[in-house]
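First to last, the sequence lines map onto chains A and B.
Per our numbering: the first sequence ends with 1506, consecutive numbering throughout.
Per our numbering: the second sequence ends with 286, consecutive numbering throughout.
If you're looking for bench data, these hints aren't it; they were derived computationally from the structure.
Among the hints, a few may not be true.
[Stated by the list, open to error] Pairs of lysine-lysine, BS3-like flavour, derived with a Cα cap of 27 Å:
id, chain 1, residue 1, chain 2, residue 2
1, A, K1465, A, K1498
2, B, K185, A, K1465
3, A, K1451, A, K1465
4, B, K229, A, K1451
5, A, K1411, A, K1498
6, A, K1498, A, K1451
7, A, K1397, A, K1451
8, A, K1397, B, K229
9, A, K1457, A, K1411
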Amino acid sequence: SQKIEQNSEALNIQEGKTATLTCNYTNYSPAYLQWYRQDPGRGPVFLLLIRENEKEKRKERLKVTFDTTLKQSLFHITASQPADSATYLCALDVGRNTPLVFGKGTRLSVIA
Amino acid sequence: KAGVTQTPRYLIKTRGQQVTLSCSPISGHRSVSWYQQTPGQGLQFLFEYFSETQRNKGNFPGRFSGRQFSNSRSEMNVSTLELGDSALYLCASSRRTVMNTEAFFGQGTRLTVV
């Protein structure tokens, strides 16, 4: 069956360190992969999109990698800050005219 | 540019009742998707509308339905509410025609069924 898993339901990290979140999938061949941030009681907010032919994408302190062989994406936040504390969701675009498929998310807490 | 607007923000209903939620997408966005979010299941896709037509449908019972109007505004309806329908209902709009582009989510409607 098709599955998308974000390891670690929760991740605690010290301020200033790099947070690394993982998104693994099976039985999908996504063309794109997206990452979203969600704060409590609010809708997800788009962060980054990476295409299958891109290995890495960066935006300020954020970096995303996409390994279609391993079927995995890594999401890094460098120099993490308490304001980065939120739930981070990965989403797969699995084909034409199909909806995004979301993982359950990883709740990141950055401790000062 | 105004974001995605969902109304109401909070709703309390009784089992057996029906409810209608509304979503106004970002101007120019023709694709509107609905998701149900619960702590245990995460974001579950309900349906997507594009130019007033339902383009995709998730694995939800027929009690869940939706529609889209010519101005791209969308509504979803849940009939015969059950306790398990308590959730955050999120609407997302995008410019996408075929492949997905970034989705813009509303604040959600928190539905509580008692």
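Is the Cα-Cα distance between K1451 (chain A) and K1465 (chain A) 27 Å or less? Status holds; Cα separation ~16 Å.
27 Å limit on alpha-carbon distance, applied to hinted pair K1397 (chain A) and K229 (chain B): holds, 18 Å
Does K1498 (chain A) sit within 27 Å of K1465 (chain A), going by the straight-line distance between their CA atoms? holds, 17 Å
Pair hint outcome, K1411 (chain A) versus K1498 (chain A) [Cα-Cα no greater than 27 Å]: holds, 24 Å
Check the hint pairing K1498 (chain A) with K1451 (chain A) against an upper bound of 27 Å on the C-alpha distance. Judged against 27 Å, a Cα distance of about 22 Å means the pair holds.
Hey, K185 (chain B) versus K1465 (chain A), does the alpha-carbon distance stay inside 27 Å? violated, 42 Å
Keeping to a limit of 27 Å between CA atoms, is the pair of K1457 (chain A) and K1411 (chain A) held or broken? holds, 14 Å
Given the proposed pairing of K1397 (chain A) with K1451 (chain A), does the C-alpha separation stay at or below 27 Å? The hint holds at about 24 Å.
27 Å limit on alpha-carbon distance, applied to hinted pair K229 (chain B) and K1451 (chain A): violated, 31 Å
Violated hints, listed in ascending order, are 2 and 4; each of the other numbered hints is respected by the structure.
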